[in-house]
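Trainee: The lines below spell out each chain.
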Amino acid sequence: MALRLSTKRLMKELKDIQEKGTPAGIIPLSTESVDEWVFLICVLGDETIYKGEQFALRLIFSDRYPIDCPQVTFIADDQYQPPLHPHVYSNGHICASIFGNEWSPVLTAVSICITMQSMLASNKKKERYV
Amino acid sequence: MSSDGEDYYYEDDYDEGSMDQDSPVSEGMSEPDIVYDVMSPTADEPAPKKPYDVSYKVRTLQEIINMQSKEVRKIQTLLEMPASTATILLRHYQWNSEKLQEQFWNDPAAALLSAGLSPPVSPSTRTGPLPPSPSLLISPRRPTRSSHNPALSPVKRSRAPQPSGPFECPVCCMEFAKEDVVKETFALGCRHRFCRGCWAEYLTGKIRSEGESSRIQCMESGCERIVREEIIDELVPAGVSKRYHNLLNMAFVADAPNLRWCPHPDCEYIIECTQAPPRMLNQLVPTVECNCGRQLCFGCGYLSSHRPVLCKIVRLWERKCADDSETANWLQANTKECSKCQSTIEKNGGCNHMTCKKCKYEFCWVCMGPWSEHGTSWYQCNRFDEKSGVNARDAQAKSRASLERYLHYFNRWANHEHSAKLDAEFYKNTEKKMEQMQNSGNLSWIEVQFAKQAVETVIKARITLKWSYCMAFYLKRNNMTELFEDNQRDLERAVENLGFALEQNIEPDSIAQLRQDITNQTAYVQKRHEILMDDTLKGYLERRWDFSVDI
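Those protein sequences? They're chains S and G, same order as listed.
Just so we're aligned: the first sequence equals residues 1 to 130 in the numbering used here.
Just so we're aligned: the second sequence equals residues 1 to 551 in the numbering used here.
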């Protein structure tokens, strides 16, 4: 195995993003680092309660990625605010099963973004968890 | 087994690698004959000595492992399936073979599915036959998630299936040449293929950091196939595999109601007892002795004997003693609050004219009203008999009485607890005396053993006495309780006398007398101890005891 299990895998994911692009509404913002990526996420369509909003999702990869799940949070600073959602804390922490016991090493950074996007898209009420 | 279909739970037979397939015949011959049944007592247990004693066996880890293989073989024969399948099913049903059989005969597919022996999720693998030929083992993985949730399908799945091409591990993205695929990669019956390095990393993480054992699933997202024991053993380093088997055995013991680990540090024995199921614990105190020489309670895992007190009462007592609520009780019984600044005040003497140290407020301790209203009737509150005053006084008296009662029992309990902690010193002192006797009294080693025996008797009796105060605290006042307290008092007195005799200095000319005395008293303490224990424990069976709490 390589020095860092995660390096080769992240390179490959990055190559895929560069070659094939990302699904609509998901924009890679910073993917240069080997341990921290940021994506912009918007929910498309007219049905959504997050229409016109844009959120920044930060993924922090450990050496053991993808065996271990990356640490995923919405950025909460002057520029970005986390979405108002029952599973998202005001500090940007997310409560989702794929970051717990449903994590699988075959999931990728992009598939995490897609899951977050669909989590927001299926929400009908702007409520905070706490 | 020539094709999948009905018997898809044999699928893991096609996992490549050199795993042994269990053969029921050869295993059955090589195993020693150990009679084991989850629900019924083992045949070779000796009969209990007393009606309140339980019979039990101390098992080694190997015996526990044999018990599991025996259960597995039973299910294997009954349900006609490979041992590995039977093991996974049994673990899923927490070794309850009756429930497993019932559910299996009811709906075999559902039983297998819930145990993680599901057929592959992907429809493509279900339609085609699964020949065991190695050429097909290197077929690439097919996207499984895409069928229900396209959003979750990883990007790299878009690759077209190439039955015999090179393989790229979807986890670490390493490339494997066609000829290395069988050697370097691995897929379960669900055919989700990954490289062996990633498997080892994943399984090690599950076992080492998450402490998982019997429910480790395939790495693929959403795939619920359980990774079998033999496969884990093959894929992970020896140390991890050892830990994995430990976890499996721990889960087996934890799931079996008739097994309990010896709770003492560094002891690896397991106690098997079928006579003390939880529902019997309102009339039994199943104290057992492990092969490590220490006692424990089979019912609650308490680290020593807590006879003659029931497990539930012990729990209540320990909580009560540890609880801060007793501090609150004390405050309630002994203090009042300043009616102006709410500071807590303990009155430890003096008259009823109180002046709060903090806010200088002057008030009457009896009625808590301002002192100024008392006019000239100093030192004699004329509001004393007002109704509110009487009520307040009653409440305080009751609280104080209950606290005093608790402290009465607690002090005696704690006193014996403290004495028990001094055991080691008591032993040492007695040993010194025994040496002294051998030197000065010309007694042989065997002749001075009476002292050691006396110490042991005292220590044992003290432990029983200790718990008898906990018992008395929870007993309702009635004639039976008085009899109990009589027995308790007799034992207490006998123990104190013997303890006193043991503390005496040795005079060469009185050794014979002392020895006689101690031997007699030891026998007496043993007898009183026996009576208290016998009467109390039989009392549970005869339902003689009436407790102030539900048991």
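Hints listed in this document are in silico derivations from the structure and should not be mistaken for laboratory results.
Where a beta carbon is used, it is the ideal one built from N, C-alpha and C, also for glycine.
There's no promise every hint is true.
Said to hold, decoys possible - Straight line, CA to CA, 25 Å or less: simulated BS3-like cross-link-like pairs of lysine-lysine: (1) K398(G) with K12(S); (2) K178(G) with K8(S); (3) K183(G) with K8(S); (4) K70(G) with K49(G); (5) K336(G) with K421(G); (6) K178(G) with K15(S); (7) K12(S) with K183(G).
Unchecked claim - If you only want the chain G side, here are some residues facing chain S, beta carbon under 7 Å, derived: (8) A200; (9) E201; (10) T327.
Trainee: Indicate, hint by hint, whether the structure satisfies it.
Mentor: Now the hints, each set against the structure:
no. : hint                 : in the structure
1   : K398(G) with K12(S)  : violated, 76 Å
2   : K178(G) with K8(S)   : holds, 20 Å
3   : K183(G) with K8(S)   : holds, 21 Å
4   : K70(G) with K49(G)   : violated, 30 Å
5   : K336(G) with K421(G) : violated, 37 Å
6   : K178(G) with K15(S)  : holds, 23 Å
7   : K12(S) with K183(G)  : holds, 23 Å
8   : A200                 : violated, 9 Å
9   : E201                 : holds, 5 Å
10  : T327                 : violated, 33 Å
Figure legend: structure checked against the earlier numbered hints; hints not met, in rising order: 1, 4, 5, 8 and 10.
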